Amino acid sequence: MDIDAISSVVLAILAGAIRVGTPFLFVSLGECLTEKAGRINLGLEGVLVISAMSSFGVSYLSGSAWAGVLAGAGSGALLALLHGLASSLRRVNDIAMGVAIMMLGIGLAFYLGKPLIQPQAPTLGSWSLGFWSDSPQLRSALEINALFPLGVALAFLMSWAFANTRWGLLVRMVGDSSDAARALGTSVTLVRTLATTAGGAIAGLGGASLSLYYPGSWNEGLSSGQGLIAVALVIFARWRPVACLGAALLFGGAGALGPALQSVGITGYYYLFNAVPYALTLLILVLTCSPHRVLRGAPAELGVGR
Amino acid sequence: MNSITEAWEALLLPLLAIVGALILFGLFVALAGYNALEVWMLLFMGAFGDAFSLQNTLLRAAPLMLTALCMALPARAGLTVIGGEGALLVGALACASVPYLWQPPSGWFGLAFLLAASAAAGAAWIALAGYLRQYRGVNETISSLLLSYVAVNVFKHLVEGPLRDPSSLNKPSTLALDDSWLMGSIGTYDVHWGLVWGIGACVAASIWLSRTTHGFATRVVGGNAKAAGLVGLPAHKLVIMACCLGGAAAGLAGGIEIAAVHRAANASVIAGLGYTGILVSFAARHHPLAIIPIAILLGGFAAAGSMLQRRLGLPDASVQVLLGFVFVLILTAEAARGRLGWQDMRAWWSPSAQPLAGRA
Chain A
2 MDIDAISSVV LAILAGAIRV GTPFLFVSLG ECLTEKAGRI NLGLEGVLVI SAMSSFGVSY
62 LSGSAWAGVL AGAGSGALLA LLHGLASSLR RVNDIAMGVA IMMLGIGLAF YLGKPLIQPQ
122 APTLGSWSLG FWSDSPQLRS ALEINALFPL GVALAFLMSW AFANTRWGLL VRMVGDSSDA
182 ARALGTSVTL VRTLATTAGG AIAGLGGASL SLYYPGSWNE GLSSGQGLIA VALVIFARWR
242 PVACLGAALL FGGAGALGPA LQSVGITGYY YLFNAVPYAL TLLILVLTCS PHRVLRGAPA
302 ELGVGR
Chain B
90 MNSITEAWEA LLLPLLAIVG ALILFGLFVA LAGYNALEVW MLLFMGAFGD AFSLQNTLLR
150 AAPLMLTALC MALPARAGLT VIGGEGALLV GALACASVPY LWQPPSGWFG LAFLLAASAA
210 AGAAWIALAG YLRQYRGVNE TISSLLLSYV AVNVFKHLVE GPLRDPSSLN KPSTLALDDS
270 WLMGSIGTYD VHWGLVWGIG ACVAASIWLS RTTHGFATRV VGGNAKAAGL VGLPAHKLVI
330 MACCLGGAAA GLAGGIEIAA VHRAANASVI AGLGYTGILV SFAARHHPLA IIPIAILLGG
390 FAAAGSMLQR RLGLPDASVQ VLLGFVFVLI LTAEAARGRL GWQDMRAWWS PSAQPLAGRA
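As they're listed, the protein sequences go chains A and B. Here the first sequence is numbered in our numbering, starting from 2 and rising by one per residue. Here the second sequence is numbered in our numbering, starting from 90 and rising by one per residue.
If you're looking for bench data, these hints aren't it; they were derived computationally from the structure. Each hint should be verified, as a subset may be incorrect.
What the hints assert, rightly or not - Below, computed lysine to aspartate or glutamate pairings styled on EDC-like, alpha-carbon distance capped at 20 Å:
no. : chain 1 : residue 1 : chain 2 : residue 2
1   : B       : K260      : A       : E221
2   : B       : K245      : A       : D180
3   : A       : K115      : A       : E221
4   : B       : K260      : B       : E249
5   : A       : K115      : B       : D405
Stated by the list, open to error - Using C-beta positions, here's what the derived DEER-type ranges look like:
no. : chain 1 : residue 1 : chain 2 : residue 2 : range
6   : A       : V11       : B       : A201      : 36 to 42 Å
7   : B       : M134      : A       : P116      : 37 to 43 Å
8   : B       : Q192      : A       : V11       : 41 to 47 Å
9   : B       : V350      : A       : N165      : 54 to 60 Å
10  : B       : A201      : A       : G75       : 51 to 57 Å
11  : B       : S195      : A       : L62       : 41 to 47 Å
12  : B       : R400      : A       : E221      : 21 to 27 Å
13  : B       : R300      : A       : A184      : 55 to 61 Å
14  : A       : S9        : B       : Y189      : 47 to 53 Å
15  : B       : Y224      : A       : K115      : 42 to 48 Å
16  : A       : G64       : B       : D268      : 56 to 62 Å
17  : A       : L158      : B       : I296      : 52 to 58 Å
Quantities reported herein were computed from a predicted structural model and do not represent experimental measurements. Every residue, glycine too, gets a C-beta built ideally from N, C-alpha and C.
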């Protein structure tokens, strides 16, 4: 492999980190908000798929990609609201409910999205941040999805809000000690349901970026488990929104590795490279977890930090 | 609460949830302009209407019984393992790839060997999640999920790469199993022996849990790990053993899918059977015997799906929507447990002037 091939692979990975990482960013921020309030939503996979379908559908019908983005956030919020409400009931297991919501969301999206597989919908534009460069590869690497800056801003906003706003503190209190929250007269159920719903809306933006930017179409193989991986990403990021940004970029880059190598003629390991992010997460969990202490940064009411 | 009430609820709640899901599904398709009555009729006919449908239903129920055990057995030991899909795939892979390494003898002995390899692979896969949880403190739900995704990609890599049969052009597959290793049908029926394995495994699991000391110890660990530690039970060993047994069941399901249905490992094996198994297990409240009828019911829905598609032109995802409704409602129904006692029922039928005291 010569130097040109290496540089093109590196550029492709950088570009892929942002392109593939954008949905990861939104689902992990959504999951982060949900988990901060003390619940796990595995249903974000369903949220991602149904929001990808509905944003594509609305974009196709209305002709406006941004209307599609709104629809994605809205449908994601609705499905997550169902998870939030159902998990608020006594004895309802939030992990199992997450799997249920995942199946329901994927089923609904495939059912309703059947007529949307063929058509082309208006997609989101991109920002060309590589105008200063002569290299066409660098230019294409710096074509930034218009949703990505929004995600970056959201990550910093959430980080600030968790530390400084009344709502941020409420969410964290509910996630760390429901007893304390009840003692202060806060409704744990209400805060958790709202956090889950808002998390679904954020994850819905990730679905919109899947169907309206990259790959930019709707089909049944659109999501490859990004919504489920969000749970692992958030643990990896230690429940810090800004770290979610880094984790999403890392996973996006890892996800772009297979296609990037394929483009320079290294084929045959495509699926193994796809497995890398999952194996990596597991490895990180094995290295950082211990049966004798809880994970640093884990909301105390959450089951996973055990 | 007495045991009659408990049994009554265990039966009534899932039943109500399934009826509710059917009603919701009827409304859902009615919104799209289909005749809900016709859809319900076809669901029933497609699942249990004639001998052909019934055999189809049983065929689809068989792997669900085994993958449900992969959720149920670790659950009785206190773990939430949702990686049955991964165990099924490594089981299928083991079954299809053993002949590449070593040619087992032909006939039933070879089949037994292949199935043993499948079960062992599945057992190791889920035992890893159990081991990581017990000794490294890694949450088993997350790790088993991650392992599933690793399994899917390794499966695709091997099937489309090193293990690919060069003559499988359109659909990459491994080499087909020798005819003598294939799992045949039961008598003259169109149902393969996998059903017997599924039912047998559920019955055996039930006997293990309720009639043996080892099973009892496992349930104690699942009920209260601290108490189990105080009476000196080897919690780590018991939990990992439960994971092994669950994983072996799911791995066996994968092996049977190869030996009885597909003949070779290919993408058709990745059909979400592991995830549906989670649903079956929750609906059965992780009770092995209850898994059998629920797997048959859900297998029936899956079998009826193709009928809905053929007769009414409903999208093939409609069954997934129905299963989604069923799952959400079954889990939600858990909240009503303990509120559907005989007393409450009587209070409904004959309203009395007594105030409902003590409700907070």
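Open item on the list: The hint says 41 to 47 Å between Q192(B) and V11(A); measuring C-beta to C-beta, is that right?
Closed with: holds, 46 Å
Task: Distance restraint evaluation - L158(A), I296(B), Cβ atoms, bounds 52 to 58 Å - done: holds, 57 Å
Task: Given pair status - D405(B), K115(A), alpha carbons within 20 Å - done: holds, 9 Å
- [ ] Verify the proposed pairing of K260(B) with E249(B), using a straight-line Cα cut of 20 Å.
- [x] Measuring from Cα to Cα gives roughly 9 Å; hence the hint holds.
Task: Assessment of proposed distance window 47 to 53 Å (beta carbons of S9(A), Y189(B)) - done: violated, 36 Å
Task: Supplied distance hint 42 to 48 Å, evaluated on CB atoms of Y224(B) and K115(A) - done: holds, 47 Å
- [ ] Confirm or reject the claim that R300(B) and A184(A) have a C-beta distance inside 55 to 61 Å.
- [x] With Cβ atoms ~47 Å apart, the hint is violated.
Open item on the list: Between the alpha carbons of K115(A) and E221(A), is the straight-line distance 20 Å or under?
Closed with: Given pair K115(A), E221(A) holds - Cα atoms ~9 Å apart, limit 20 Å.
Open item on the list: For the hint 36 to 42 Å, verify it against the beta carbon of V11(A) and that of A201(B).
Closed with: violated, 51 Å
Open item on the list: Does the beta carbon distance between V350(B) and N165(A) stay inside 54 to 60 Å, or does it fall outside?
Closed with: holds, 58 Å
TODO: Could you say whether the range 56 to 62 Å given as a hint is met by the Cβ separation of G64(A) and D268(B)?
DONE: This hint holds: roughly 58 Å between Cβ atoms.
Open item on the list: Run the distance test for K260(B) versus E221(A): straight-line Cα separation, threshold 20 Å.
Closed with: Given pair K260(B), E221(A) holds - Cα atoms ~18 Å apart, limit 20 Å.
Taken one by one, the earlier hints fail for this structure at numbers 2, 6, 7, 11, 13, 14, listed in ascending order.
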